[in-house]
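Line by line, the protein sequences are chains F and Z. So for the first sequence, this note's numbering puts the first residue at 1; every next one is plus one. So for the second sequence, this note's numbering puts the first residue at 1; every next one is plus one.
One or more hints might be untrue.
[Stated by the list, open to error] Quick list of in silico lysine-lysine cross-link-like pairs, BS3-like style, CA-CA up to 30 Å:
hint	chain 1	residue 1	chain 2	residue 2
1	F	K238	F	K25
2	Z	K84	F	K10
3	Z	K84	F	K91
[Stated by the list, open to error] On the chain Z side, residues computed to face chain F include the following (Cβ under 10 Å):
hint	residue
4	A101
5	A105
6	T130
7	N155
8	D158
9	G171
10	R174
11	F176
12	F185
13	I189
[Stated by the list, open to error] What follows is a set of in silico ranges between Cβ atoms, one per label pair, in the way DEER data are often shown:
hint	chain 1	residue 1	chain 2	residue 2	range
14	F	F180	Z	F81	56 to 62 Å
15	Z	F81	F	S163	53 to 59 Å
16	F	R13	Z	F114	44 to 50 Å
17	Z	N255	F	K102	36 to 42 Å
18	Z	N255	F	M1	37 to 43 Å
19	Z	G113	F	K102	58 to 64 Å
20	F	K5	Z	T108	54 to 60 Å
No lab work stands behind these hints: they were computed from the structure. Since the model is a prediction, treat every value here as computed from it, not as a measurement. Don't be surprised by glycine CBs; every beta carbon is placed ideally from N, CA and C.
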Amino acid sequence: MLVTKNINKKLTRFQLNNISFHVEKGDYLVVLGPSGAGKTVLLEILAGVQKQQSGSILLNGTDVSESAPEMRNIGLLYQHYMLFPHMTVRKNISFSLQVKRKKKEIIAQQVSHYAGLLQIDHLLDRYPDNLSGGEKQRVALARALAMNPQLLLLDEPFASVDSNLKRRLIEVLKNLHKQFNLTVIHVTHDINEALYLANKIAIIQDGAIVQFGPKDSVFKNPANTFVADFLGYKNIFKGVIVDREYFSTNDIRIHLDAVYEDRESVILIPPESIILSPRNTATSARNSFEGNVADIIHKNGFYEIIIEIGIRLSVYITHDSFNSLMIENGMRIHVLFKATAVKIY
Amino acid sequence: MHRYHIPIIILAVLAGILAVVLIFPVINIIITSDPGLLLAAIRDKEVFPSITLTLECAGYATLLALVFGVPLAYLLARFSFWGKSFIEAAINIPIIIPHAAAGIALLTVLSHGFVVGDIVKMTNVQIIDTKLGITIAMFFVSSPFLINNAIIAFNSFDAKLEKTARTLGAGFWRTFFAISLPLSFRGIIKGALMMWGRGISEFGAVVILAYHPMITSTLIFERFESYGLKHSKPVAALLILLCLVFFSFIIYAGNSHARHKEY
């Protein structure tokens, strides 16, 4: 549906480098990246309100790289919604229809349809300035939907609402996406939004896409430590490979699953692949260490236990295991993990 | 009295001195004017036409600046291009140079031997000592007030509003007239009123280009030169009164706008 090829844009503070990705009809692509990574600029380029320096944008097979924004039919929702302050909510929602010179009855019918859908009927005659953040966002969504866009771009849509409201609005967005089979590109720095809404993920680092693909594959196989770190992965350690099959950092030697060249390296040990044991039992795991429980973090449905073994190792265990092992701060404990569980970068 | 009052008292004293210096001569000229002479000035067959002439020419100059200055302000507020800072600096030149010098500069380009002057000659349009001359002089020295205010007005709202309108299907002009202009309207009008007011009070540049027909400033100058303080004062008082009414209106309009914004 949308294909971008090698989009480049140099600005004073950052640049976009060879941005290429594609979305199909109905896709929900979340573009993740730290603030200031050029995500907004990317959306503006797709919408046509900013010009790329090189590269092309294909929309349903048509090259729109040079098209004016009003010819693209791509909706863009900015972080601060950009409701027209001198127009009522009704006028805001109907703006695209007025521009297209739709008949009065059709405009009225469309406005009430989208206002009803987003439960903002009661706000139609108000001005945007005295609406709450959540109301503003609903109005902005209604205005964008009323133009019946072939692609909807969302720029950090939840950055300026509180977490309670955010949860509700995410639901709204998820339902709208399903109901209208919308194609959405949503940029954010919040991994949870991606987990909740995306079917595809692109990760931007220093103005370039470092990983792009279906959500599951990106989460399963982070392309590099930046991605892993960004996705909230724990247990990423810097060190060196020594004696070809050990990774060494802070006087700890970790057994690797194969033979490597000695070099500087980064490893990742998934927290759920680590086993805790009160005794030093013989197992098939090649890596066994003893350390102190440094911290216990109660998570939603499980515990994260931080164990100090020279490096601070994060381990996920269930409530049951937590209770049966009688884990408490400062206690001595053994950690075990297989060499094959260690990912090397 | 607490220690923390002291800075405020110092500020108040300084501000008070300034206020007196600014306001006293103005109030003084009005209250010390002989009402009879003031009335006579209003009835004077030279004074009233000169005031309407002043208002009229300043109005034309302002309309001209609206037509040419608003597009310039929009370009400067929205786009970056080569030579932009030069233009931004150049706009303010008329404010910083002596107005008589500005008049001389205008007169020079409008005279024979310069492209502009020759074109003017060919079209047989009279500039020297005409309303057109007065208007041009007022336009030249006062338009920065309108342009600067229009730039501020265009910068006072997020350009993303315009971008959003574009994505919603509005073309450039539709966006300009439906979004940009309404959102900057008050600022532009404020600039236009300031420019008009500045045009009314113009003397230096006008007198070089068009001593006749006499605008009020020129008339005051002439009365002072020929008949002295006593005869120029009522006319001056009248013009000051006019300007005061005018600027009170602007300030009131500006304040009511600010109140409106707070809701």
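Please list, smallest to largest, the hint numbers that this structure does not respect. Hints 1, 3, 4, 5, 6, 7, 11, 13, 14, 15, 18 are the ones this structure does not satisfy, whereas the remaining hints hold.
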